[in-house]
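A.B. asks: Keeping their order, the protein sequence lines are chains C and P. By our numbering, the letter at position 3 of the first sequence is numbered 3, and the numbering carries on one by one without gaps. By our numbering, the letter at position 289 of the second sequence is numbered 289, and the numbering carries on one by one without gaps.
Don't read these hints as lab results, they were simulated from the structure. Since no wrong hints were added, every one of them can be taken at face value.
No farther apart than 20 Å at their CA atoms in a straight line, the calculated lysine to any residue pairs in the SDA-like style are these: (1) C:K155 x P:E59; (2) P:K367 x C:A242; (3) P:K87 x P:G168; (4) C:K155 x P:P35; (5) C:K155 x P:E53; (6) C:K335 x P:I216.
Per label pair, the in silico range of CB-to-CB distance: (7) C:Y336 x P:L171: 43 to 51 Å; (8) P:N32 x C:L11: 52 to 60 Å; (9) C:H208 x P:K198: 43 to 51 Å; (10) C:K81 x P:H186: 39 to 47 Å; (11) C:W316 x P:E114: 50 to 58 Å; (12) C:K206 x P:Q36: 50 to 58 Å; (13) P:Q36 x C:H208: 51 to 59 Å; (14) P:V248 x C:G68: 55 to 63 Å; (15) P:E114 x C:K81: 55 to 63 Å; (16) C:W316 x P:L202: 18 to 26 Å; (17) P:L62 x C:L212: 50 to 58 Å; (18) P:D266 x C:Y336: 38 to 46 Å; (19) P:D208 x C:K81: 38 to 46 Å; (20) P:Q36 x C:L212: 40 to 48 Å.
For each residue, glycine too, the CB sits at the ideal point set by N, CA and C.
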Amino acid sequence: MPSLENITDDLDVWLYQQFGATATFLIESVLIALLAIGLFSILGLVLIMMERKVSAYMQVRLGPNRVGPKGMFQTVADTLKLIVKEGMTPDGADKFLFNLAPFIVMIIAMVILAPLAFSKGFQIWDINIGVLFITAVSSVSVIGILMAGWASNNKYSLLGAMRSGAQIVSYELSAGLSVIAIVVLTGSLRISDIVASQENGWWLFKGHIPVLIAFVIFIIAITAETNRAPFDLAEAESELTAGFHTEYSGMKFALFFLAEYVNIFIVCAVGATLFLGGWMPLHFGSNTQFNHVMDYIPGIVWFMGKTFFLIFVIMWFRWTFPRLRIDQLLNLEWKYLLPISLFNLLLVTLMAIMGWHF
Amino acid sequence: MYRQTEILQDATQVSPLNGGGDLEGAGDLIINVGPQHPSTHGVLHLVITLNGETIKKVEPHLGYIHRSIEKMCESLTFRQFIYVTSKMDYLSSHINNHGCCLCVEKGLQIEVPERAQVIRVLMDELTRLASHQLWWGALGMDVGALTPFFHAFRERELINDIFEETCGTRLTMNYMVPGGVMADLHPNFQRRVHEFIKQFKLKIDEYDELLTDNIIFKNRMQGVGVLSAADAVSYGCTGPVARGSNVVCDIRKLYPYEVYNKLQFDEVIETGGDCYARYMVRMKEMRQSLSIIEQLIDQVPEGEFQAKTKAVLKLPKGEYYSRVETARGEFGVYIVSEGGTTPYRIKFRSPGFSNLSALDHMARGGKIGDLIAIMGSLDLVIPDIDR
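With the rest of the complex left out, here is chain C (with noise of 0.2 Å):
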C-alpha cells in the first residue's frame, strides 16, 4: 500500500542518487518550504470557513452562502479583498516594529509546524527533543504580540498587548505540566516515540483519570494561549475595539488573523499527537478484527481527523462562553489550574514509576 512515508524516501532516495547530498539537502528544504506555505494558506482558508460555518449554526444562520458552492469562496474573495487593500501604518508608529510584528507571529506559527508527525514517517523534523521545542517555540510569539501593541501608539493597542503578555506567559505553565505528564509517561520527549507508545491505545484512555485531567487542563490552556474566547481578552473587541491589532489593516492584519488559526491548528496537532495517538489509528485491545478495519484508515486522515475535532471544540467554547475578565483569568490560571496540575504530575509520575497505566 503506498503511504505517505514510502513517497518521501523514494524521493530522497532519487533526488540523492541524482544529485547527492548537498543538492538534496537543499531541494528537500525548499520543498518543505513550499509544503508549509501550501499547508498554511490552505489551513487559513479551510478554518477560517469552518468557523464561520459553525458560528452560524450555532447561532441559527446560515453563514456565507454566495461566493461559489455553498459560498466556499467566501474566504478567498476576503483574502483578495486584503491584499489588494491599502496597508496603512499609523503616523506615530514605530514603522520598523509595527511592521515586523506580524511577520514574527506568522514565523513563529511556521516553526513550530517542524516536529510535527503527520502520518507515519511524514514528518520535517524529527528532533529528540521534539515537545520541548513546541512549548518553547510557541511562547515567544508572545513577544510579536507585544511588539504589534507597543509599536501601535494606541492605547488599546498597548492594554490587548499587556493583556495578552499577561496571560500567554501565565498559561504556559498549565500548558507545559499537562504536556510532561504525557512526556513522563512515554519517557521521550521525541514526537515519533511519543505517537509509537500509544499503538495500544491512547493516552486518553490507557492513562486513566490523571491524563484525562491533564488533557482538560491541556485544552483550556491552549485555548488561552492562542487567545480564543473564553480568554479573548488580548482582543476582546467590545472592551478594546480590537485589541493588539487595532491599528492594523490590510495583508498586515491578515497575517495576523491567519496566524491566530494556524495556531489553533497546531496546538490542536500537538493535543491530538499527545493525547489521542497522532496518526495512530484507534485500537480496541484484542479485537483484531475492528483494530484491522481501523488500519485501513491512512494515518494523515486519523491526524488531520483529531485535530480538526479539537478545533472544533474550541469553536464550540468560542461560540457559547461569554469572556472572563482579566483578573479571573489570572485567578484561574494561579489558584486553580497551576497547583492542580502540578498535583496531578505528581500522581502520573507515581503512576508511570509503579506502572499503573495500561
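Mind docking chain P on chain C? Use the hints.
C.D. replies: Only chain P this time, still in chain C's reference frame:
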C-alpha cells in the same frame, strides 16, 4: 451625594506614553471610549482614567446625537409631537408615545375606550419584551458571548412581524393617537401573538441555559457595579436599574395607567444591586410581561379603538405631567400649554440619563471589563439620553 470629581488632566500631559509623567496623577492612562466604540451602543463618549486596568474615573460626554427634540416639539401640534418621541428611545418607541398621549388626554380629559386601552397595554408589553430581548443579546455581546444576540433576535423578529402587521412599521410604530390607537388590530394579531407566546416560553428557558447559569457569566456579573438603594434613589435611577437595588419604583404598580390596575403581575425586585441583580430583574420582567400578554390577549373587549376627538387639539392653559414605565424606567412628559395648538414648553424625563449618571459611581475601582458589563446592565439607549 455626587462625589467630588477631580479636574480632568490633559491627556497629553500626564500620559507616560507621550513623554509626560512628572505631574500629579502620572501613570494614569486616559482613554476615550467612544463615540465610536463597539459597546457604547451608540455615540456615547466616555473619558475613562485608568491605573493599569483599574478604573479611577469615568466621565460620560454627551451631545453627539442631540437633536433638540424638546425644542422641536414646541413647533408641532399636540397631534404631531407624539411621533417625534419615537426617535428618543427607539426601543420603547410605543411606550414613549403612550406617555405623551396620556399627557394630552389628561389635559383634554379624553376618555379612552377600553378596547384601545387594552391594545395599548398589549403593545406596551410586546415592546418591553422586544426591548429586553435586544438588551439580553447586546449584554451577551458586551461580556463576550456572541451567540445570544442571534438567539434573541430570532424571537424579537416575531414581535416585529406582529407590529408590522398591525401598525405598519416594525420599530418606531407611531401607533398612538390621543384618544386611542391609530388603527384596529389586524385579524391575524391574536393568532400571531399566541404563536409568539408558545415559542418564547420555550426559548426563554433556553436563554437561561445559555447565559444565566453560565459560571463565567455569573463571575462577570455578580458583585460588579454594586449600587446601593440609597445611591439608586439619589441618582434618580428608575426601572430595572433601581429595582435591582431593592427600590420599589414600577410606575405600572405605583401610578397605574390604562388597565394595569386590573392585571395580575408582580413588580420584580432584586436585592443584590449588582449587575447580576439588574440582569435577573429584566429576565423575570420578561416572564411578567409574557403573563400580562397572556391575560389580555383573549380578553380584548369589543368596541371603538379610538375616542372621538376634535381635529385640532387645544390643551387648556396649564401644566400637565404624566409618566409611564418604559423598558428602561420612568419616562415622564411635562407639558406647559398656553392654550394654543402647540405646547409652550415641553420636557421629557428620560430614564437613560439618570441611569447613566450612576455609571461613574458603579465603575470606579473595577476593571475595563467591568465597565463594559455595567454599561450593558444599564441598558443605555443613547438617543434617549441626548434627546
